[in-house]
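Listed here are the chains, written in short residue letters.
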Amino acid sequence: MTELALPHPHDHTHPSGITRWLFTTNHKDIGTLYLLFSVSMLFIGGSFAMVVRAELFQPGLQFVSPHFFNQMATMHALVMIFGAVMPAFVGLANWMIPLMIGAPDMALPRLNNWSFWLLPFAFTLLLATLFMPGGAPSGGWTMYPPLVLQMGMAFPFLIFAVHLMGLSSVMGAINVITTVFNMRAPGMTYGKLPLFVWTWVITAFLLIAAMPVLAGAVTMLLTDKFFGTSFFNAAGGGDPVMFQHVFWFFGHPEVYIMILPAFGIVSQIVPTFARKPLFGYTSMIYAVASIAFLSFIVWAHHMFTVGMPLAGELFFMYSTVLIAVPTGVKVFNWVATMWRGSMTFETPMLWALCFIILFSIGGFSGLMLGLAPVDFQYQDTYFVVAHFHYVLVTGAVFAIIAGVYFWLPKWTGRMYDERLGKLHFWLSTISVNVLFFPQHFLGLAGMPRRIPDYAVQFSGWNMVSSLGAFAFGASQLIFLYIVVRAISGHGAKASAQVWEGAQGLEWTLSSPPPYHSFNEPPKVP
Amino acid sequence: MESTFPEQIRKLALALACMLATREVWADYKLNLTEGVTSISREAYRLHMLALWICVVIAIVVFGAMAWSIYHHRKSRGAVAASFHDNTKVEIAWTIVPFLILVVLAIPATNALIAMNDTSNADLTIKITGLQWRWRYDYLKEDISFVSNLDDKSAAAAKQGSGIDPRTVEHYLLNVDNPVVVPVGKKVRFLLNASDVIHSWWVPDLGFKKDAIPGFVNEIWARVDTPGTYRGQCTELCGVGHGFMPIVLIAMNEPEYLVWLAQQHAASAKARAGGDRTWTREELLAKGDEVYAKNCAACHQPNGEGIPGAFKALKGSPVVKGPLAEHIDRVMNGKPGTAMPPFAAQLSDAEIAAVITHERNAWGNNTGDLVQPAQIKAARK
Chain A
1 MTELALPHPH
11 DHTHPSGITR
21 WLFTTNHKDI
31 GTLYLLFSVS
41 MLFIGGSFAM
51 VVRAELFQPG
61 LQFVSPHFFN
71 QMATMHALVM
81 IFGAVMPAFV
91 GLANWMIPLM
101 IGAPDMALPR
111 LNNWSFWLLP
121 FAFTLLLATL
131 FMPGGAPSGG
141 WTMYPPLVLQ
151 MGMAFPFLIF
161 AVHLMGLSSV
171 MGAINVITTV
181 FNMRAPGMTY
191 GKLPLFVWTW
201 VITAFLLIAA
211 MPVLAGAVTM
221 LLTDKFFGTS
231 FFNAAGGGDP
241 VMFQHVFWFF
251 GHPEVYIMIL
261 PAFGIVSQIV
271 PTFARKPLFG
281 YTSMIYAVAS
291 IAFLSFIVWA
301 HHMFTVGMPL
311 AGELFFMYST
321 VLIAVPTGVK
331 VFNWVATMWR
341 GSMTFETPML
351 WALCFIILFS
361 IGGFSGLMLG
371 LAPVDFQYQD
381 TYFVVAHFHY
391 VLVTGAVFAI
401 IAGVYFWLPK
411 WTGRMYDERL
421 GKLHFWLSTI
431 SVNVLFFPQH
441 FLGLAGMPRR
451 IPDYAVQFSG
461 WNMVSSLGAF
471 AFGASQLIFL
481 YIVVRAISGH
491 GAKASAQVWE
501 GAQGLEWTLS
511 SPPPYHSFNE
521 PPKVP
Chain B
1 MESTFPEQIR
11 KLALALACML
21 ATREVWADYK
31 LNLTEGVTSI
41 SREAYRLHML
51 ALWICVVIAI
61 VVFGAMAWSI
71 YHHRKSRGAV
81 AASFHDNTKV
91 EIAWTIVPFL
101 ILVVLAIPAT
111 NALIAMNDTS
121 NADLTIKITG
131 LQWRWRYDYL
141 KEDISFVSNL
151 DDKSAAAAKQ
161 GSGIDPRTVE
171 HYLLNVDNPV
181 VVPVGKKVRF
191 LLNASDVIHS
201 WWVPDLGFKK
211 DAIPGFVNEI
221 WARVDTPGTY
231 RGQCTELCGV
241 GHGFMPIVLI
251 AMNEPEYLVW
261 LAQQHAASAK
271 ARAGGDRTWT
281 REELLAKGDE
291 VYAKNCAACH
301 QPNGEGIPGA
311 FKALKGSPVV
321 KGPLAEHIDR
331 VMNGKPGTAM
341 PPFAAQLSDA
351 EIAAVITHER
361 NAWGNNTGDL
371 VQPAQIKAAR
381 K
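Taken in order, these protein sequences are the chains called A and B.
Per my numbering, the first sequence runs over residues 1 to 525.
Per my numbering, the second sequence runs over residues 1 to 381.
If you are wondering where the hints come from, they were derived from the structure by calculation, not from laboratory data.
Cβ atoms here follow ideal geometry from the backbone N, Cα and C, with glycine treated the same way.
Heads up, a few of these hints could be off.
If we take Cβ atoms under 7 Å as the criterion, some of the chain A residues that face chain B in the derived model are [to be verified]: (1) Leu61; (2) His67; (3) Leu127; (4) Leu130; (5) Phe131; (6) Leu147; (7) Ala234; (8) Thr344; (9) Pro373; (10) Phe376; (11) Phe441; (12) Leu444.
Simulated restraints on C-beta separations [to be verified]: (13) B/Ala13 / A/Pro120: 51 to 61 Å; (14) A/Trp426 / B/Glu219: 43 to 53 Å; (15) A/Phe205 / B/Ala325: 25 to 35 Å; (16) B/Ser83 / A/Pro104: 27 to 37 Å.
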């Protein structure tokens with residue numbers, strides 16, 4: 001037998017400097033890169049939101065022109081969705097999935113490197129438009145034609161940025177599926193996979209199915225603009241509403257791409273701090289799978305007002321409200337997990353509990369929005385803005401923050417300051433409700449979304465909402481401080497187990513785990 | 001006599017209480033959906049309240065259980081964790097019960113939706129066209145059509161750095177020059193369409209919004225049962241003027257409505273007459289300035305310099321300073337593929353003539369050209 005000159009897995013080559021990060025194929029490094037990228041986008045996207053809320057603080061135009069306001073609203077959405085929330089989940093997946101399933105790394109490490117390094121280029125393209133003549137995209141993140149076709153120089157940059165983000169997401173998804181299907185440690189059966197892994201596998205399938213649809217839709221926009229096609233141009237025999245159908249066929253699964261991994265995170269945290277196994281493990285997986293399936297047949301509820309046939313409106317109304325059933329099952333399961341547990345309330349648990357309550361509030365308004373005859377009143381008002389911020393900020397983002405507090409000691413080997421963590425939690429929770437709850441009232445009172453200025457009757461709640469926004473934005477600086485402290489090696493040393501009730505392979509490794517972990521497959525209990 | 005300190009506090013509290021009790025203060029803090037003035041809006045309101053209360057009850061039950069558990073099953077109270085992790089009966093129950101609640105909601109929702117879609121047997125049809133950034137109303141069979149713009153007072157106050165406090169403007173951003181008028185008690189069918197980008201026509205008191213889409217005609221109906229003025233806004237992002245294209249709908253009793261119709265007929269006859277005479281330079285420039293401010297300044301800016309990269313400058317523009325025919329064509333027919341819309345259908349001959357005259361003489365363009373309504377009339381053929 002000939003000896004193969006394979007690099008030995010135990011020679012801990014540990015490149016340093018910039019090349020470590022540029023050429024890394026290590027899932028932990030790439031996870032860290034994703035998370036750092038995400039947090040920087042969180043602050044950039046957040047500063048756009050601050051501009052929006054500053055302008056809406058009072059009626060009248062005080063700070064920015066309507067043109068710039070529209071740019072801020074559009075860029076806020078694009079940066080937060082594609083730059084902050086999605087990369088954060090991919091970062092968590094990179095860090096945690098191999099540790100949870102007992103794999104030495106992701107299945108496709110070079111692809112992993114490429115998926116990450118596409119993102120800085122994508123966002124350079126996107127953010128550079130802010131400095132171009134005519135400014136950044138201003139037609140809303142939904143990119144509806146014909147309005148989007150009126151955009152100036154930013155247009156092709158937006159389209160190519162979206163292509164790159166999509167490419168990155170699809171490759172990340174392929175990597176997750178390949179890893180989970182092939183690299184589980186012996187004995188780590190599908191029936192034992194942690195919920196975070198399960199939700200991510202299902203999310204990855206959604207990504208693979210949905211992102212190419214978006215790529216197709218924006219490519220058709222591109223050819224309509226530059227190559228004389230008329231996919232969405234009524235005057236040329238096309239159909240502007242078709243774009244909305246195609247977009248939301250991507251867009252609704254996209255919504256769940258941003259929430260299913262959040263369900264996974266919460267399903268890891270609640271049992272840990274209740275010191276009791278997750279209630280209804282199997283029904284949780286079925287619920288997530290049903291939500292994923294339903295996400296492909298509800299898209300037109302985003303566009304009830306475009307004038308669909310009655311039968312279409314009824315179908316999409318029924319399928320939409322049906323999502324309440326599996327979502328309800330998940331919430332009931334979490335409550336049942338807490339029931340007769342032995343609970344403690346460290347920072348990750350506080351965020352997770354708050355997620356359950358506030359995400360449910362977003363779910364309730366979602367149910368109301370699903371009822372088509374009332375949606376004709378709610379559509380495109382601040383009621384919708386309140387709804388999707390409850391599910392995306394107090395839903396997705398709160399779960400991500402919960403996950404960061406939960407796993408930060410594992411990643412860095414340092415405990416964060418519990419007092420500061422709780423301060424961050426309480427300030428955020430109070431201010432986020434001051435920020436978004438009054439927006440329900442504004443919408444019901446008749447304030448449309450995406451307007452730079454408003455009638456005087458809306459001024460009271462707008463001022464309250466803006467004050468909440470500034471406080472919420474400022475509170476996140478505490479988060480930044482906490483994370484930076486842990487990374488820079490301050491704080492008490494964390495044990496391998498970290499949390500008393502923690503269960504699973506990731507907690508058998510030291511904190512921080514070795515650069516190369518599980519080179520020998522672990523024993524699955 | 002000087003009042004003592006506690007007395008001052010009492011007075012202050014009294015004043016505060018009085019202030020809070022007045023409707024004006026609370027008008028800023030409206031909480032709920034309007035019941036509106038049509039059968040559709042009332043049905044929407046009932047459904048909204050039903051769904052809201054169902055959600056509130058579910059929230060109380062679920063969050064109540066959570067709160068109970070958080071209080072009683074905490075480690076600090078000595079709680080010892082149980083080890084159960086499923087219960088088929090309970091899980092089936094909490095799958096079926098929510099489903100039944102959904103059925104309770106879906107039945108009235110279905111009925112409401114069917115009623116909304118029935119646009120048959122209308123007494124009157126109004127075609128609504130969304131334009132960047134105004135609404136045009138055509139009363140079919142009546143030969144009345146007019147464009148409805150944001151009113152001048154709101155427009156002036158909404159300028160960045162105008163120095164005008166919006167609170168001093170009555171119905172700020174919710175007022176128009178030409179409101180749409182409907183008769184009370186009649187079934188009015190609205191046909192919605194757009195000429196440039198997608199808009200959405202929403203008057204909350206009517207109980208619906210409907211998109212106005214280029215190349216499509218959408219239908220919806222309303223039977224307003226209470227005379228009054230009802231205000232709304234465009235609700236689909238349509239560019240820089242999206243926040244500045246309100247809707248005002250006035251519902252009148254039949255006799256008043258007939259008087260209004262007669263006035264409209266007279267007004268449109270008068271507008272046509274203006275196009276037949278020759279205007280002086282001063283008249284054209286004055287009218288042109290007004291038309292420009294209302295229709296062009298949002299993009300091309302009051303100083304004619306546009307927004308580089310987004311909206312072309314008119315100051316020194318080759319089209320504005322070049323051959324007249326091309327300028328007239330650009331204003332009347334727009335430029336496809338850009339934000340420049342065709343104005344032929346939105347503005348009268350006199351208005352187009354005036355605005356072109358204005359553009360050719362303002363901001364140092366000084367071509368000295370005068371354009372008469374007759375030239376526009378000729379260009380329409």
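Results of checking the hints against the structure:
1. Leu61: holds (4 Å)
2. His67: Interface hint status for A/His67: holds (5 Å vs cutoff 7 Å).
3. Leu127: Constraint on A/Leu127 not satisfied, violated at 16 Å.
4. Leu130: violated (12 Å)
5. Phe131: violated (11 Å)
6. Leu147: Given a least distance of 4 Å, the restraint on A/Leu147 holds.
7. Ala234: Given a least distance of 2 Å, the restraint on A/Ala234 holds.
8. Thr344: holds (5 Å)
9. Pro373: holds (4 Å)
10. Phe376: holds (4 Å)
11. Phe441: With a closest approach of 5 Å, the A/Phe441 hint holds.
12. Leu444: holds (4 Å)
13. B/Ala13 / A/Pro120: 51 to 61 Å: holds (58 Å)
14. A/Trp426 / B/Glu219: 43 to 53 Å: holds (51 Å)
15. A/Phe205 / B/Ala325: 25 to 35 Å: With a Cβ separation near 59 Å, A/Phe205 and B/Ala325 fall outside 25 to 35 Å, so the hint is violated.
16. B/Ser83 / A/Pro104: 27 to 37 Å: holds (33 Å)
When held up to the earlier numbered hints, the structure conflicts with 3, 4, 5 and 15 and fits the remainder.
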